[in-house]
Amino acid sequence: MFELTIAPNRSARLGDGRRAGNLHVMARIRPEITAPARVRFAPSPTGTLHVGGARTALFNWLIARGSGGAMILRLEDTDRDRSTAESEAEILRALRWIGIDWDEGPFRQSERSDVYLDAVERLKAAGAVYAAYESEDELNAQRQAARENREAPVVRGRRDWSAEDLAGFEAEGRAPVWRFAVPLPGSTAWEDMVRGEVRFDNAQIEDFVVARSDGTPTYNLAAAVDDVDMRISHVVRGEDHISNTPKQMMIMAALGATAPEYAHIPLILGTDKKRLSKRHGAAATEDLERDGFLAAPVRNALALLGWSYDDKTTTFTTDELVANFSIGRVSKSPAVFDLKKLEVMNGRYLRMMPEDEFEAALLGFLDNRGFFDGKADDARDLAKRTVPLVKRKLSSLAEYERLAGWLFRPLEIESEAWAQLEGDVRHSIQAIGGGLGRLETLPEWDLQSIKDALQDQLHVLGENAREFLEPQRIAITGQTISTGVYESLHLIGRDEAVGRYRQTLGRLAELWQA
RNA sequence: GGCGCAUUCGUCUAGGGGCCUAGGACGCCGCCCUCUCACGGCGGUAACACGGGUUCAAAUCCCGUAUGCGCUACCA
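To convert, note that position 458 of the first sequence is 458 in the working numbering; the numbers rise steadily by one, no gaps.
Please note: incorrect hints may appear among the correct ones.
Distance condition first, Cα-Cα at most 25 Å in a straight line; then the derived DMTMM-like pairs of lysine to aspartate or glutamate [what the hints assert, rightly or not]: (1) Lys-124 to Asp-114; (2) Lys-273 to Asp-229; (3) Lys-451 to Glu-467; (4) Lys-341 to Asp-310.
These are calculated hints, taken from the structure and not from any lab test.
Based on the provided sequences and hints, a complete structural model is requested.
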């Protein structure tokens, strides 16, 4: 499916200006992937999977699933010093948590050196690369000089070493790096699926290193070779790679391969407008899990960062995302990641969930958190019974503790709550004592009776609900924010309720006498 | 410094010459509901970065400026 639009102004670029814009009519097509696409997610295992990476993975996955193609997972660990097994495991775990699977891989570049070595040999044979012997100082001097002359800070290695020089290097044991001989003059361009034509002047691109002096491949070589070797049809990656693209295209061209389609998606920023990183709280996917977010709303929210379906739809099931995602509708400008929106989305999903599913999610979360560790044997059952009391109130599972934590420990009045009672000791005693009197003698301990009794007492005292019920809440929960008062009383049972009332009353009485 | 990319309410966005006195969502503010916190309902606040063009008509096309971000490694 594509959209036909009249975009006369685009043609202005073709002509010499003036009226061209109004005379020409051109069809503009939003790029769309329809044939089965082979896409990849290629993180480097040097840290956690942050939100930006997760979104890149998600976009690729949506394309693979939506087109009936394949998702390939590749770990770009050519930097052996920074890559770690822990990071790799964490990234894989985070991908699985968020619901992204893959059809091929994970491939590790560290295990494919023969492929890259072979490619380097072919590049040598083709005369596309040359051995460079410049020292670090020389390189820095070159760049520095270019900078001072306000020129592109590019490195061009010397290629005309004499046999004598070469012999000298050999004698010194100096191994060369292999640099790509960037074709000059010239330019490298592609039609980016999100940004339109992107063009680089080759003069601005330095003779980048393709193989290090120890023979290992660099990122650009490995990525280009793999994208070809794995028959990737569409490279969808962050905008930070945009200047690597011409380099990788040059390598592919020198290897006689055809470049894939490219789509460079906008970066995700923190609230400081800087690219999202660990400094920004909850930037790691594992943090989201820990903070009580569900995978489905995270997917939904991530998909909406930089992509939109129309002017109003914000809730998508995963199937709907797969069916409707379109690379042509991805925005060109970076997006600030707003945790608040994720919370809202998460709360919406929580509320939409069937109760049994919600219960499973909540208990699973609490289990993982170790919430029940060291608590009474029946704590888990108790938590189950709170489900109807908290379901509509949570925006993330982690908020459970704030709302229902009081149930799992002996009465312990928070300072803020105590301050409230203390503010008017006489009234607090009256309200709590009145409540206690009613509840102690209640014939039936059911929700309706509790409600009726307290409301009746409230009328007797001539108070409004708020004045009267807040002390009850504090008396039993010790908190100012909690599950509903009637439901809470009903849940804990008469004995426990009465005990807590008496305890609170006792403390107040001491204060009154003093 | 060089190159690249971007720029619509605080945030995510719709928008592709007239449907735009710019629409939606989140936030925020107010009201209603209400036992707290929420949920829900109703209403409100708030944006086309700036300057030149082109055109009968510009958020939309062109040029310039500004700002932001990215890249500028034998990192990825």
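Hint numbers not upheld by this structure, sorted from lowest to highest: 2
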